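Given only the sequences and the hints, what does the whole structure look like? Please build it.
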Amino acid sequence: MPVWMPQTYIGIQKSTCKILFLGFRVPEAREAGLSLDEPLLAIKNLKVEFASERGIVRALDGVDFEIGRSEIVAVVGESGSGKSVTALSLMGLLPRTARVTAGQAVFEGRDLLKMSSADLCATRGRDIGMIFQDPMTSLNPTLTIGFQIGETLREHLGFGPAESRARTLELLKWVGIPDAESRLDQYPHQFSGGMRQRVMIAIGLACQPKLLIADEPTTALDVTVQAQILDLMSGLVRKLGASLLIITHNLGVVARYADRVVVMYSGRIAERGEASAVFNNPRHFYTAGLLNSAPRLDAPVQDRLETIEGQPPDPANRPEGCAFAPRCPHKIAACTQKLSLLPTDKGTLSACARQEEIAAGHLHWGGKAQGAEPTLAKQDEPAILTVDNLVKHYMVSAGWRSPMRIVKAVDGVSLSIKPGQTIGLVGESGCGKSTLGRMILRLDDPTSGRIMIGGHDATHAKGDDLRQLRRLFQVVFQDPYASLNPRKTIGEAIGEPMRVHGIAKGAKANQRVAELLNQVGLRPEMADRFPHQMSGGQRQRIGIARALAMQPKLIICDEAVSALDVSIQAQVVNLLTELKRSMNLSYLFIAHDLAVVRHIADEVLVMYLGRIVERAPRDRLYAQPQHPYTRMLLAAAPSPDPQREKARSQAALVGEPPSPFAPPPGCAFAPRCPLANEECRRAPPVLRQTGPDHHVACLRSEA
Amino acid sequence: MTRYILSSFGQFLLTLVGVAILIFLLLRVAPGDVVEVKMRSGGAVVSADTIARERTRLGLDKPLPNQFVDWMSGLSHFDLGKSMWTERPVVEEISTRIGITLEVAVLALVIGLAVALPLGIASALSNGSWLDQAIRVFSVAGLSAPPFWLGMLLLLALLLSIGWQPPIKTISWSENPIGHLSQLICPALVVGWRLSATIARMLRSSLLDVLNEDYVRTARSKGLPERLVIIRHALGNALLPAITVAGLEFAFLLGGLVVTEQVFNLNGVGRLLVQAVGQSDFTLIQGLVLMFAVFFMVVNFAVDLLYAVLDPRLR
Amino acid sequence: MSDASTHTHMATHKALSTTLWRFARRQPLGAAGALLILAFIICGLFAPWVSPYDPFDTNFSAVLEGPSRAHWFGTDSFGRDVLSRIIYGSRSALALGVTASLLGAAIGGLIGVMAAYYGGKFDTLTQRLIDIILSIPVIVLALVLAAVLGKHEIGALDLNLVLAIAIPNAPRAARIIRSAALSICRMPYIEAAKTAGFTDMRIILGHIAPNLAAPALVLVPAFVAQAILMESSLSFLGVGIVEPAPSWGLMLSGVAVSLFAEAPWTVIFPGLAISVTVFAFSLLGDALRDELDPKSRS
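Chains as they are written, first to last, in the working numbering: chain A, 1 to 703; chain B, 1 to 315; chain C, 1 to 298.
Keep in mind the hints are simulated off the structure, nothing from the lab. Bear in mind the structure is a predicted one, so any value in this text is a computation, not a measurement. Where a beta carbon is used, it is the ideal one built from N, C-alpha and C, also for glycine. There's no promise every hint is true.
To be verified - In the DSS-like style, the derived pairs of lysine-lysine whose C-alpha atoms are separated by at most 30 Å in a straight line are: (1) A:408 with A:508; (2) A:505 with C:151; (3) A:408 with A:462; (4) A:462 with A:505; (5) A:508 with A:553; (6) C:194 with A:408; (7) A:44 with A:346; (8) A:580 with A:553; (9) A:44 with A:239; (10) C:121 with A:508; (11) A:488 with A:462; (12) A:488 with A:505; (13) A:508 with A:488; (14) A:553 with C:194; (15) A:488 with C:194; (16) A:338 with A:462; (17) A:47 with A:346; (18) A:408 with A:488; (19) C:121 with A:408; (20) A:462 with C:194; (21) A:114 with A:47; (22) A:173 with A:239; (23) C:194 with C:121; (24) A:346 with A:331; (25) A:114 with A:338; (26) A:331 with A:47; (27) A:462 with C:121; (28) A:580 with C:194; (29) C:194 with B:62; (30) A:44 with A:331.
Said to hold, decoys possible - Computed from the model, here is a short list of chain A residues facing chain B with C-beta under 8 Å: (31) 122; (32) 126; (33) 134; (34) 151; (35) 187; (36) 192; (37) 203; (38) 518; (39) 519.
This is the structure in structure tokens:
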């Protein structure tokens with residue numbers, strides 16, 4: 001038996017012999033006279049242009065890299081860097097407005113970009129599989145899972161109905177879908193996001209391709225599921241001896257798996273090479289900046305996150321020389337010349353003009369990190385916000401057949417925030433953290449419980465009373481594109497609340513708007529612009545300025561930095577920290593990213609399925625997490641450090657958050673918990689104190 | 001499912017009662033009086049006393065709430081009262097004429113779908129090309145021409161080319177099946193064009209939407225030939241909204257026939273309504289409006305059920 | 001000061017003309033529709049100067065004459081000039097079509113926005129009412145309304161006919177605007193406005209309504225097209241505009257029906273006028289939708 005034979009296939013070979021033939025695909029390539037030393041895919045000077053309203057925009061400006069056999073290559077870049085365009089152009093899946101203007105993509109001796117559509121169809125799905133970002137929309141809602149997986153087998157391998165069904169069943173088991181037999185005939189909407197992504201992996205690997213392309217495969221998934229999917233995907237690819245191309249914006253995601261890394265910036269490659277070399281000894285300032293600006297769980301909390309100032313260039317207006325130069329603190333005259341990728345001391349390739357100086361240790365990114373102490377709540381001061389046993393229940397029906405059910409979106413949450421304090425509220429999607437925020441904002445009415453703001457009962461305040469109370473608390477939303485009215489100028493957006501509440505009028509209001517814009521790091525002239533003329537990061541700053549216009553005591557940040565690129569995210573986190581210091585603001589910082597919360601919060605609350613499961617001061621929570629769920633979250637959070645990532649055990653990561661429609665009895669975490677016993681399944685545990693200011697809702701946290 | 005059907009039926013009853021109240025009130029505020037129209041038409045001189053007696057006989061002198069209660073209690077056992085003009089039961093008046101209208105409607109639906117499906121698909125697949133533009137113009141034209149005028153042009157063309165004229169008298173199916181069909185085909189063509197335009201436009205836009213969906217990209221990434229991508233993955237999903245529109249339009253079709261029947265001399269419910277309105281025949285108008293509403297709701301319900309069968313997310 | 005204002009004024013003018021030019025280039029069919037509409041409006045406004053004859057002048061020596069140099073579109077059974085009647089007919093068609101559709105869209109739009117913003121009982125109630133009205137075919141309701149309401153002329157405009165056309169269309173507008181408003185109400189910027197403590201009135205008028213301009217702009221041409229069709233149908237059925245007023249639908253009814261074999265021009269030209277006007281409005285509406293609704297843009 002050949003060594004590359006996947007272990008799982010050994011059992012199948014007795015029942016269906018046809019499945020075995022796929023194990024011989026590597027020799028097949030050998031027969032075709034191709035050397036195994038040659039790369040599986042070689043991309044040379046790839047250029048792609050988009051026709052847009054503003055004319056031709058070059059999305060890819062000469063991209064070169066190779067993928068070897070059985071190699072995992074990660075393409076990393078922020079939005080607009082051209083990483084997804086690269087993947088789509090390989091598969092011939094570019095939108096109609098795009099055109100490949102130059103370059104080659106030689107896959108096993110044939111140029112993918114010049115293939116006939118029939119050849120391309122024969123290659124796609126069979127030799128190259130693909131997995132997309134959003135599992136919720138990537139599967140056809142009206143066809144069964146079994147059909148959609150089996151389709152590839154029937155199309156490329158000529159399987160009959162019975163064979164394809166048998167093989168599809170194997171594949172489902174292979175990607176870890178429990179109860180595969182009965183799930184075969186189900187539709188995508190009956191699967192969770194993580195399960196759907198497993199189905200996508202089954203589709204992508206059905207014909208045992210030589211290359212699997214995964215375009216942001218885990219971006220839409222929760223962090224505990226993300227790690228499972230990545231492990232599954234890379235594990236299967238390694239077993240099959242195939243190659244994997246992962247496209248991602250998150251350096252941490254690929255540190256564990258990637259053999260080689262390609263860092264892209266504004267349609268060009270900034271740096272590429274051996275993963276550990278690029279991560280440990282970046283030789284391009286963009287890579288260094290990107291690595292430094294990501295908040296990390298494995299480094300001490302910094303006073304300020306390192307940031308890359310400014311924003312990526314408009315691809316229609318890209319500088320001729322280094323595209324990163326305008327944001328680079330070390331730019332010199334040579335950076336305006338056209339630069340090409342040159343070998344570095346670490347065997348990688350970098351397009352930075354000053355890579356030798358970096359290698360020599362003359363130049364560093366940013367300054368030394370300084371430790372930051374959390375703001376300690378002053379015991380005597382009255383809380384600005386007190387939430388007491390807040391509950392939100394919805395009546396919903398999941399479909400025609402199912403009866404009405406009560407969904408407990410928030411099920412008895414209490415918290416309080418003192419002036420100048422930041423509370424981080426962490427949880428995965430669907431845990432009720434946003435619903436809690438919306439109730440505090442009085443955008444949703446609570447089913448029961450009490451909300452006290454600045455000493456006033458806001459639970460049922462209405463009309464003018466509520467309008468007066470609203471001056472005390474403001475909000476910054478997640479989506480920078482949807483949180484500004486497209487028909488109002490920036491100045492109107494910030495000025496209107498002041499005028500309405502009589503905080504400032506006329507010229508004084510305009511002056512305040514200018515001050516606020518300054519305060520959030522924007523130029524006062526921007527007051528005349530409309531939101532569509534601003535970038536995502538700028539819009540988020542405007543959202544903050546609008547909140548500040550009311551001179552609030554408390555700002556609720558609902559995933560306020562989640563939609564931003566890493567380098568921009570760091571800028572906004574720093575801004576929030578500065579404002580908090582200078583204005584003695586309090587934040588309720590709602591987020592799913594533990595690392596970001598660690599950098600901003602003084603106290604952290606962890607939420608799971610409508611309840612707080614753990615509450616502790618920041619440093620204590622991250623140093624001594626007690627609830628198994630908190631531990632799981634911390635274990636799952638990726639970090640851009642290959643050594644650390646490779647050493648990490650992920651055995652503990654199992655399952656997905658339960659559906660709020662059918663919560664498990666007792667402790668909601670029990671089905672995924674390694675410590676759970678019978679007692680846990682009886683009744684949901686209550687929060688109990690286990691240390692100074694440390695509360696845990698777990699019966700077995702000491703076990 | 002049972003719960004859905006029950007709640008739909010509840011809504012159905014509620015809407016029906018609403019329509020009944022609406023049309024009843026509307027007709028009572030009307031200035032016209034059937035008795036006057038009926039007895040004084042043609043300039044006949046009738047004494048006020050006779051008119052009053054006739055009013056009493058028709059129950060028009062009772063207070064409005066009583067009239068409404070009478071009508072509603074009749075309604076509960078499918079008694080829509082008697083026509084104030086012909087004195088025949090409204091149910092009978094309607095049932096003798098509904099057949100021909102339904103036949104035209106169904107024929108129009110068949111024609112509409114037969115035209116709309118290929119046009120809508122071709123239009124979406126050739127998005128932006130001259131073919132797409134031509135199909136769009138054809139569709140907009142179908143929506144722009146008044147059906148009665150189209151009908152006249154069609155009749156004129158038939159008369160001038162083959163000398164065919166629509167029969168004055170209705171030919172029944174049993175008497176002469178071909179003759180029967182021939183009198184249906186022209187109105188069905190006219191209304192069918194209009195119907196096809198709406199469905200084709202909807203199909204075009206929903207197919208364009210679906211072609212941009214991620215799962216179509218997934219299907220392409222599997223290496224399926226474009227033909228299969230469209231037939232299997234795009235069309236199935238794109239047809240769902242088109243079915244809703246086809247259903248809605250079919251439900252409205254009876255209304256569209258009100259004018260068309262007039263041109264083609266078809267003795268259906270549409271013409272009956274125009275007559276009833278002309279004669280201020282309140283009970284008949286009420287009955288007819290209720291019938292239109294019931295037809296609309298029944299078709300809608302059927303479409304909902306069909307949708308549920310076709311879309312696994314609703315099953 | 002005045003210098004600056006003229007400057008911005010000119011800038012706006014320039015922006016407007018480039019926007020129009022861009023629209024015309026991207027949507028040639030829509031631009032053609034707009035030009036046709038303009039032509040009809042000019043015809044209607046300057047009818048006395050444009051039309052060769054008085055539309056009411058009967059001439060029994062020239063009854064049912066075919067198209068000729070004297071009467072381009074022929075004459076009708078009273079010897080009236082068909083072309084002149086069509087030109088004058090564009091007045092009533094456009095006036096009725098535009099008022100009725102704007103009225104319907106305004107009533108429906110207002111209800112739609114309120115239903116979307118307030119939700120709850122008001123929404124449920126209006127939705128039920130809309131269900132009720134929508135279950136009656138538009139033409140049936142308009143026919144009954146027109147017959148029941150009778151005539152109530154203000155100037156040359158029959159107000160009741162306007163109502164009969166506007167009311168059946170209002171629920172449609174309400175549906176469309178409600179769903180558009182619902183998606184706007186869920187936008188974070190509206191929630192931010194609520195959080196800023198703005199009054200409902202300020203949020204509806206200042207923040208939601210301006211963002212509904214696009215769907216409303218798409219809606220109106222389609223509604224005008226429907227209203228013109230409806231007016232012609234009602235006039236054809238004899239409950240709309242009555243003789244001797246010149247109306248396209250009316251010209252197709254009555255004698256025209258029985259005589260159309262002998263005098264097809266009395267049928268062809270008025271019907272063509274209806275079709276072309278409705279066609280023009282529909283093209284404009286489609287083009288606006290393609291431009292303004294990013295979802296349908298391809």
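So, going through the hints one by one against the coordinates:
no. : hint             : verdict
1   : A:408 with A:508 : 47 Å, violated
2   : A:505 with C:151 : 53 Å, violated
3   : A:408 with A:462 : 25 Å, holds
4   : A:462 with A:505 : 26 Å, holds
5   : A:508 with A:553 : 22 Å, holds
6   : C:194 with A:408 : 25 Å, holds
7   : A:44 with A:346  : 23 Å, holds
8   : A:580 with A:553 : 10 Å, holds
9   : A:44 with A:239  : 29 Å, holds
10  : C:121 with A:508 : 43 Å, violated
11  : A:488 with A:462 : 27 Å, holds
12  : A:488 with A:505 : 18 Å, holds
13  : A:508 with A:488 : 19 Å, holds
14  : A:553 with C:194 : 17 Å, holds
15  : A:488 with C:194 : 16 Å, holds
16  : A:338 with A:462 : 62 Å, violated
17  : A:47 with A:346  : 28 Å, holds
18  : A:408 with A:488 : 37 Å, violated
19  : C:121 with A:408 : 24 Å, holds
20  : A:462 with C:194 : 12 Å, holds
21  : A:114 with A:47  : 14 Å, holds
22  : A:173 with A:239 : 15 Å, holds
23  : C:194 with C:121 : 20 Å, holds
24  : A:346 with A:331 : 22 Å, holds
25  : A:114 with A:338 : 28 Å, holds
26  : A:331 with A:47  : 26 Å, holds
27  : A:462 with C:121 : 18 Å, holds
28  : A:580 with C:194 : 24 Å, holds
29  : C:194 with B:62  : 54 Å, violated
30  : A:44 with A:331  : 28 Å, holds
31  : 122              : 6 Å, holds
32  : 126              : 6 Å, holds
33  : 134              : 6 Å, holds
34  : 151              : 6 Å, holds
35  : 187              : 4 Å, holds
36  : 192              : 15 Å, violated
37  : 203              : 7 Å, holds
38  : 518              : 42 Å, violated
39  : 519              : 41 Å, violated
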